[in-house]
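**Q** If you're matching positions, the sequence shown starts at 264 in my numbering and goes up one per residue.
Bear in mind the hints are in silico, worked out from the structure with no lab data behind them.
Certain hints may be false.
Said to hold, decoys possible - Straight-line Cα separation of at most 20 Å, SDA-like style, residue types lysine to any residue; simulated pairs:
#1 547 x 418
#2 636 x 577
#3 548 x 636
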Amino acid sequence: MPKIDLEVRKDINTNTPQEANPTSFAGLPTSFVAIEPCQSYSFEEVYQTVRQLFSHLGGLAQYVKSGDRVLLKPNMLAAQAPDKAIVTHPTVVEVVTRMVQELGGYPIIGDSPGGIVGGIQRYWDATGLTRIAKRTGAQLVSFETSKMFRCSSNGSQYYLTKILQQVDVIINLPKLKTHNLMLFTGAVKNMYGVLPGYQKTEFHKHAPHPQDFAKVLLDIYQLSRPHLHLMDAVVGMEGDGPSNGTPRPIGYLLASTDGVALDTIASYLIGFNPATLPTIREAKKRNLGQTKISSNVSTLQELKLNDFKLPSNFLLQIVPKPLVDIFKPLVWVRPKINEKECTRCKTCIRNCPVKAMRLDSDTLRIDYKMCIKCFCCSEICPAHAISLEKSWLARLFVNS
C-alpha cells in the first residue's frame with residue numbers, strides 16, 4: 264500500500280482547510296446518530312454491529328472509495344491495556360481497518376498521545392495496535408514525527424499534522440469516557456490528538472478554564488474535518504476519567520457524520536445534561552453541529568444509565584459563578600500525589616503547562632499557588648500515581 268512520507272519538514276504550509284459542514288457528507292436534513300447494542304469485543308459481534316451502524320448512514324462505501332487513503336484516529340491516551348477502558352479497543356480499530364480494505368481503501372492508523380514516555384512504539388504495543396497492524400497490513404503513523412501545516416481559527420494559530428492533508432478520508436474512533444477538566448470526552452475531544460508535540464501543553468496553559476479550552480477543541484475539530492465518527496462505548500469509563508476512572512460496561516457502539524451530535528447523544532446516555540458540557544456550549548455558539556438530532560432509536564430515555572458515576576468536579580463546574588466565588592477558598596479539587604505509587608519518571612513535571620511541579624529531594628511536589636487545575640498530570644501519569652483531592656466542603660457538595 265502507499266506509504267505516507269513522515270519526514271519532518273522545516274517550512275510550514277499555510278494552507279487552511281475550509282470548515283466542515285457536519286451534514287455535508289450524509290446529505291441529511293438533520294444530524295443522524297446511529298446507536299446499536301454491542302455487548303462484547305468479539306470480532307464477529309463488533310463487525311456486524313459496525314456494519315449495521317454504517318448502513319444507517321448510507322453504508323461505508325458512501326465515504327470510502329477504492330484507492331482512498333483513510334486515516335483512522337483512535338483514542339490512544341496512554342500505553343495501557345485495552346481492558347482498562349482508557350483507549351479505543353483494538354477490535355473496533357481492526358473492524359474498521361478491514362472494512363476500509365474491503366472497499367479497496369488503504370487504512371492508516373495514527374495518533375499523538377500526550378506526554379509520550381519511552382517512545383510511541385510502547386503505546387502501539389500496549390494498546391494492541393501493533394498486533395492489528397501486523398495482522399491487517401495497516402500503516403501505523405506517529406503525528407509526533409509527521410510534517411505539519413499551519414492554520415488558524417478565530418484568531419488562534421495551530422500547527423496540525425500534515426497527514427490530515429495527505430489522506431482522502433478521516434474516520435474518528437473516540438472512546439466514551441468522563442473527563443476531569445472537560446467533564447466528557449468523545450468525538451470532539453479526540454481530535455485534539457492531531458495537534459503534535461508540546462503544543463497540547465501550551466494550549467492548556469493559555470486556555471486553563473474549561474470554556475476557554477473548549478474553544479481550542481472546537482477550533483481543531485473544525486480544522487481537522489473528520490468525515491465519520493464511530494464511538495467505542497461497549498465499555499466506557501466512569502468517575503475520574505479520562506485515565507483514572509473505572510471501566511464501566513455500557514454495551515453500545517454509536518456512529519454519525521456529526522461529532523457534536525454524537526457527543527450530545529452519548530453524554531446524555533450516561534447522565535449528563537449536554538447543555539452543561541463546555542464543548543457542546545461552544546459548538547452551539549458557532550452553530551456547529553445540528554440541534555435537531557434524529558436516531559434509529561425511538562426512545563433514548565430507555566437507554567440512559569442513571570447510575571453512571573460522573574467526574575468529581577462535575578457539580579463544581581455547573582454551580583453559578585457568583586456562588587463559586589463566595590465559596591472558592593472552601594470548595595476546591597486539586598491533584599494529589601500518591602508517593603508510594605510515584606516512580607519519579609518526571610512525566611508530570613515535563614508536561615505541566617505552568618511548571619507547577621518539581622522533584623525535591625526525591626519527593627514530587629506541587630505548587631498549588633501556580634497550579635491551574637488542568638489535571639494534565641493526573642491524565643498522563645503512567646503509574647496512575649496522581650489522583651484528585653477534594654476539600655471537605657467539595658466532598659460534601661459532590662456526594663450530595
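**Q** Hint by hint, say whether it matches the structure.
**A** Outcome of the hint check:
This hinted pair checks out: residue 547 and residue 418 have alpha carbons roughly 19 Å apart, not beyond 20 Å. Distance restraint check for residue 636 and residue 577: the Cα-Cα separation of roughly 14 Å lies within the 20 Å cut-off, and the hinted pair is therefore satisfied. Distance restraint check for residue 548 and residue 636: the Cα-Cα separation of roughly 25 Å exceeds the 20 Å cut-off, and the hinted pair is therefore not satisfied.
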